[in-house]
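Peer 1: So the protein lines, in turn, are chains A and B. Count along the first sequence starting at 1, add 817, and that's the number in my numbering. Count along the second sequence starting at 1, add 13, and that's the number in my numbering.
Some hints could be false.
Computed cross-link-like contacts, DSS-like style, restricted to lysine-lysine with a CA-CA straight-line distance of at most 27 Å [claimed, not checked]:
no.	chain 1	residue 1	chain 2	residue 2
1	B	Lys49	A	Lys826
2	B	Lys49	B	Lys69
3	A	Lys826	B	Lys118
4	B	Lys64	A	Lys826
5	B	Lys64	B	Lys118
6	B	Lys121	B	Lys70
7	B	Lys121	B	Lys49
8	B	Lys69	B	Lys121
9	B	Lys64	B	Lys49
Across the chosen pairs, the derived CB separations fall in these ranges [to be verified]:
no.	chain 1	residue 1	chain 2	residue 2	range
10	A	Leu896	B	His88	18 to 28 Å
11	A	Asn879	B	Arg51	24 to 34 Å
12	A	Leu896	B	Thr75	37 to 47 Å
13	B	Gly29	A	Asn923	24 to 34 Å
14	A	Pro892	B	Val57	16 to 26 Å
15	A	Asn882	B	Val26	37 to 47 Å
16	B	Lys72	A	Arg913	39 to 49 Å
Take a look, some chain A residues computed to stay more than 12 Å from chain B by CB distance [as the list claims (entries may be wrong)]:
no.	residue
17	Val821
18	Lys831
19	Thr832
20	Gln834
21	Thr837
22	Asn879
23	Ser884
24	Asp890
25	Leu895
26	Gly922
27	Asn923
28	Leu927
29	Thr928
30	Thr930
Keep in mind the hints are simulated off the structure, nothing from the lab. Beta carbons are placed, not taken as given, at the ideal position from N, Cα and C, and that holds for glycine.
Spelled out, the chains give:
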Amino acid sequence: NAGVTQTPKFQVLKTGQSMTLQCAQDMNHEYMSWYRQDPGMGLRLIHYSVGAGITDQGEVPNGYNVSRSTTEDFPLRLLSAAPSQTSVYFCASSYRGRDSPLHFGNGTRLTVT
Amino acid sequence: GQQVMQIPQYQHVQEGEDFTTYCNSSTTLSNIQWYKQRPGGHPVFLIQLVKSGEVKKQKRLTFQFGEAKKNSSLHITATQTTDVGTYFCAGLSSGAGSYQLTFGKGTKLSVIP
Numbered sequence: 818n819a820g821v822t823q824t825p826k827f828q829v830l831k832t833g834q835s836m837t838l839q840c841a842q843d844m845n846h847e848y849m850s851w852y853r854q855d856p857g858m859g860l861r862l863i864h865y866s867v868g869a870g871i872t873d874q875g876e877v878p879n880g881y882n883v884s885r886s887t888t889e890d891f892p893l894r895l896l897s898a899a900p901s902q903t904s905v906y907f908c909a910s911s912y913r914g915r916d917s918p919l920h921f922g923n924g925t926r927l928t929v930t
Numbered sequence: 014g015q016q017v018m019q020i021p022q023y024q025h026v027q028e029g030e031d032f033t034t035y036c037n038s039s040t041t042l043s044n045i046q047w048y049k050q051r052p053g054g055h056p057v058f059l060i061q062l063v064k065s066g067e068v069k070k071q072k073r074l075t076f077q078f079g080e081a082k083k084n085s086s087l088h089i090t091a092t093q094t095t096d097v098g099t100y101f102c103a104g105l106s107s108g109a110g111s112y113q114l115t116f117g118k119g120t121k122l123s124v125i126p
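The shape of chain A in the complex, shown without the other chains:
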């Protein structure tokens, strides 16, 4: 049982480049979400999904896109990377939604130069 799998673990981008962070879960969780973690800022919600075909914005959505075509996968797309997007990104899922415990992936450390 792999849980929540994120790829890649590390990524370096140049300003203006685009990329997709992958997230997959094998727990049949309906709820999936993306957080970014910056020093001293805690965890901030970027986008979330309550089920396949349904996505919504979180606290800091600008510069990011998501889609949820299947229950298992929830990729995060950076359209045109900026240095302000340098951060650690965590994907998290839960069985029922935000009132259920979140299961986090191992994270992706992204640097934008």
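Position chain B against the provided structure of chain A, taking the given hints into account.
Peer 2: What follows is chain B alone, placed relative to chain A:
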């Protein structure tokens, strides 16, 4: 919007000393969740408190939810080096048919052997 304040930001203790972190919300919460993140790791769910005045224990860890459901605390008795990490609270609030889960900025615990 909802704010969750967590104090202290840092705590250094000698091994064997006790440790407490506090979480305060600007709004009444539906529940509160606690997570632990080891250095270089991802957040791991510890516990969820739902009822007013609720107290739960996990070995040396004691979690409390305030009577007004606006504050919570995590107390560790006789810290060990394995307790090192950052402890986050996350408060769930509801309103207008939606839920919002807001993380505190965390308390980073260092244990001096």
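Peer 1: Against each hint, give a clear statement of whether it holds in the structure.
Peer 2: How the hints compare with the structure:
This hinted pair checks out: B:Lys49 and A:Lys826 have alpha carbons roughly 20 Å apart, not beyond 27 Å. In summary, the hint linking B:Lys49 to B:Lys69 is supported, as the alpha carbons are separated by about 16 Å, within the 27 Å threshold. Taking the CA atoms of A:Lys826 and B:Lys118, the gap is about 23 Å. The hint holds against a cut of 27 Å. Using a Cα cut-off of 27 Å, the hinted pair B:Lys64 and A:Lys826 is violated, with the two alpha carbons roughly 38 Å apart.
For the hint pairing B:Lys64 with B:Lys118, the CA-to-CA distance comes to about 23 Å; that is within 27 Å, so the pair holds. Taking the CA atoms of B:Lys121 and B:Lys70, the gap is near 21 Å; set against the 27 Å cutoff, the hint holds. In summary, the hint linking B:Lys121 to B:Lys49 is supported, as the alpha carbons are separated by about 10 Å, within the 27 Å threshold. Between B:Lys69 and B:Lys121 the CA atoms are separated by roughly 22 Å; this keeps the pair inside 27 Å, and the hint holds.
For the suggested pair B:Lys64 and B:Lys49, the alpha carbons sit about 21 Å apart, so the restraint of at most 27 Å is met. At roughly 44 Å, the beta carbons of A:Leu896 and B:His88 sit outside the given window of 18 to 28 Å. As the Cβ distance of A:Asn879 to B:Arg51 is approximately 30 Å, the hint placing it in 24 to 34 Å holds. Judged by the Cβ atoms, the range 37 to 47 Å given for A:Leu896 and B:Thr75 holds: they are separated by roughly 45 Å.
Checked against the given bound of 24 to 34 Å, the beta carbons of B:Gly29 and A:Asn923, roughly 32 Å apart, stay inside it. Between A:Pro892 and B:Val57 the C-beta distance comes to about 23 Å, which sits within the given range of 16 to 26 Å. A:Asn882 and B:Val26 have their C-beta atoms about 43 Å apart, which keeps the hinted 37 to 47 Å range intact. Between B:Lys72 and A:Arg913 the Cβ separation comes to about 27 Å, which falls outside the hinted range of 39 to 49 Å.
Residue placement check: A:Val821 does not keep its beta carbon more than 12 Å from all beta carbons of chain B (closest about 9 Å). A cut-off of 12 Å between C-beta atoms confirms that A:Lys831 is not in contact with chain B; the least separation is 25 Å. Against chain B, the non-interface label of A:Thr832 holds: every CB pair exceeds 12 Å, the least being about 26 Å. Taking the minimum C-beta to C-beta distance to chain B, about 25 Å, the non-interface status of A:Gln834 holds against the 12 Å cut.
With a closest Cβ-Cβ approach of about 20 Å to chain B, A:Thr837 is found to remain outside the 12 Å limit, as its non-interface label requires. Every CB of chain B lies more than 12 Å from the CB of A:Asn879, the least distance being 16 Å, so the non-interface label holds. Once the 12 Å rule is applied to beta carbons, A:Ser884 is consistent with being away from chain B; the minimum gap is 21 Å. For A:Asp890, the shortest C-beta to C-beta distance to chain B comes to about 19 Å, beyond the 12 Å cut-off, and the non-interface label holds.
With a closest Cβ-Cβ approach of about 20 Å to chain B, A:Leu895 is found to remain outside the 12 Å limit, as its non-interface label requires. Not every beta carbon of chain B lies more than 12 Å from that of A:Gly922, the smallest distance being close to 6 Å; the non-interface claim is violated. Its closest Cβ contact with chain B, about 5 Å, brings A:Asn923 to no more than 12 Å, contrary to its assignment away from the interface. No beta-carbon of chain B is positioned within 12 Å of the beta-carbon of A:Leu927; the least distance is around 15 Å.
The Cβ of A:Thr928 lies farther than 12 Å from every Cβ of chain B, with a closest approach of about 16 Å, so its non-interface assignment holds. A:Thr930, annotated as away from the interface, keeps every beta carbon of chain B farther than 12 Å; the closest lies near 22 Å.
This entry does not satisfy hints 4, 10, 16, 17, 26, 27, going by the numbered hints stated previously.
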